[in-house]
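Given the sequences, and given the hints that come with them, work out the whole structure.
Taken in sequence, the protein lines are chains A and B.
In terms of this note's numbering, the first sequence has 211 at position 211, counting the first letter as 1, and numbering is strictly consecutive.
In terms of this note's numbering, the second sequence has 164 at position 164, counting the first letter as 1, and numbering is strictly consecutive.
No lab work stands behind these hints: they were computed from the structure.
Incorrect hints may appear among the rest.
Taking lysine-lysine and the BS3-like style, the derived pairs with C-alpha atoms no more than 30 Å apart in a straight line are [claimed, not checked]:
1) Lys-88(A) <-> Lys-154(B)
2) Lys-162(A) <-> Lys-73(B)
3) Lys-155(B) <-> Lys-158(A)
4) Lys-154(B) <-> Lys-73(B)
5) Lys-73(B) <-> Lys-155(B)
6) Lys-155(B) <-> Lys-74(B)
7) Lys-154(B) <-> Lys-158(A)
8) Lys-88(A) <-> Lys-73(B)
9) Lys-88(A) <-> Lys-74(B)
According to the in silico footprint, chain A covers these stretches of chain B (three or more CB under 8 Å from chain A) [unchecked claim]:
10) 5 to 15
11) 56 to 63
12) 90 to 97
13) 150 to 164
Note that the structure is predicted; figures quoted are calculated from it, not measured.
Glycine included, each C-beta is placed from N, C-alpha and C at the ideal position.
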Amino acid sequence: MGRMTNLSSRPQTMAEKILSRRGTQVVYAGDLAVVEVDQVMVVDSIAQSFIQRMQQDLNATPRYPERVSIVIDHVAPASTVSVAQAQKEAREYAAQTGVRLFDVGRGICHQVLMEEGLARPGWIVLGSDSHSTTYGAVAAFGSGMGATDIALAAASGKTWLKVPESVKVTFTGDLRPGVTAKDVALEMIRRLGADGATYQSIEMHAGDRFTRGERMTLANLCVEAGAKAGLVVPGGEILTAYGYDIPEWVYPDQGAAYVQSIEIDLSALNPRMSAPSEVDNVFDVAELREQLRDQPVDQVFIGTCTNGRIEDLHAAADVLRGRRVAPGTRLLVIPASSQVMEEAMADGTLLTLQRAGAVLGTPGCGPCMGRHQGVLAPGEVCVSTSNRNFIGRMGDKDARIYLASPAVAAATAVMGRVALPEDVMTHGEVA
Amino acid sequence: MPRIWKFGDSVNTDDILPGKFAPFMAGEDVFQTFAFHYIRPEFAAQVQPGDVLIGGRNWGLGSSREYAPQALKKLRVGGIVAPTFARIHYRNLLNLGIPAFEYDLTGVLQDGDEVSLDVQTGVLTYAEGTVQLPPPPEFLREALAEGSILAFFKKHGRFPGEPA
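Listed below in structure tokens is the structure:
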């Protein structure tokens, strides 16, 4: 790190560097920047608004159609006629304008864009989904925006934003077995608070720790601390092994100005869980397990842009192999993409999950935002690998959502109560 | 006279408009009737044009869904005052032309208090006095002067602050 390859004499953070490179001048936190956008991502749930903004309000077509992607993932396949109609309009729009379309079943927007190489180091990627911070996993400045901003970006090829201050998060030590990137992210949110990084970028110094998928989990959850972007500094061979070209200039400079610095010792971390109904309401799983000893868990959901990747399904399968989901508990597993699903099919993971009693869903967002496929009834309790536990998020307002890693979720499914992986050793075994 | 609707800290976009009532699910004409459906079910039926929402910290955290502020716009909410806003939502509010002021009024005003808010000057008048609310950030005023960011872009073919 600390390579002096910036455009100016004053040291810059990663966010400042990317926004300077994609703009017309060297910028620092607090400056207004108008920047080139490398990819604009539109999800099905705003497709109608987006098309309306483009056609009626702006009377514009996408300036660079190849830089725009529409992903049908939030309610896929369609659940009602009106949803089907909105998706039909999205398909027609893509056909007319030449923008990319990823249709039902291809998967969750962030996962798909990463798989397709549509987020790359040093790029700016805007998405109509708040978890667009995910692209920071590969050192892209990813940020979520609303339909109006997304349409303006598609029409102009640019966006305008205030250059964020940055929070520096340094990870030290190594994770203990059974502790995952999800636990790290929840701990980071606990430390920062749900508004601890509002308007700011979180710059994560992880060295050569964490795979691309784990980096996606970390960057994904940065928005839950309010962040505009969550950037993981590339380290080691992790990204180059995937074929990414990492420009020298993308690394933050030594002496860059941070608004706050925190250090997280990974070796001291235990599995974490967010209790209802705010993401920063984080506890040790062991502690919640005691508190919720007599509380049956009705549904366990493994999937979403946070934790629906192959390594997440592997972690769940490792716990569930040779065991059964507890009677009275439903386990819903939804791979993040068709690619993840295919891989999990080929290596037997899906069979393991199926035999354990999992219900498998179409690649996509599933019940994460409460629109279809597994929403919760009043009073039900769900342990989910997703990213939000807000009231009413996954169905009824009196349902309660706990957020955890895939391994903890799988253990909970076997025990029928909040559990740690080590708890399942003698439970739920299939003869 | 416009009234105050007071909320607490961390009102999120699912509170403002639960995801399952998105326009493409609930219908373009009625989705606003589900504003604050779970946390203040009487809101949509009783809110009057010009009423002012007062929130606590981190108003609007959560999703980028623009239909949350769109619902408030359709209900003709006069403005939102909160000590801090979540960034995506704040941008969406200003993009749609809903006045948003970063200021803490939770200790000053109560639910149902009558007020008048001059969105141009940021002066809020209530029974016992007036408050000068801070103006939006400088680079947004240029856009707001044209009515909205969309109107600005359409007229000038560029963003505020971008060289012509």
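| query | If you check each hint against the structure, which ones fail? | reply | none
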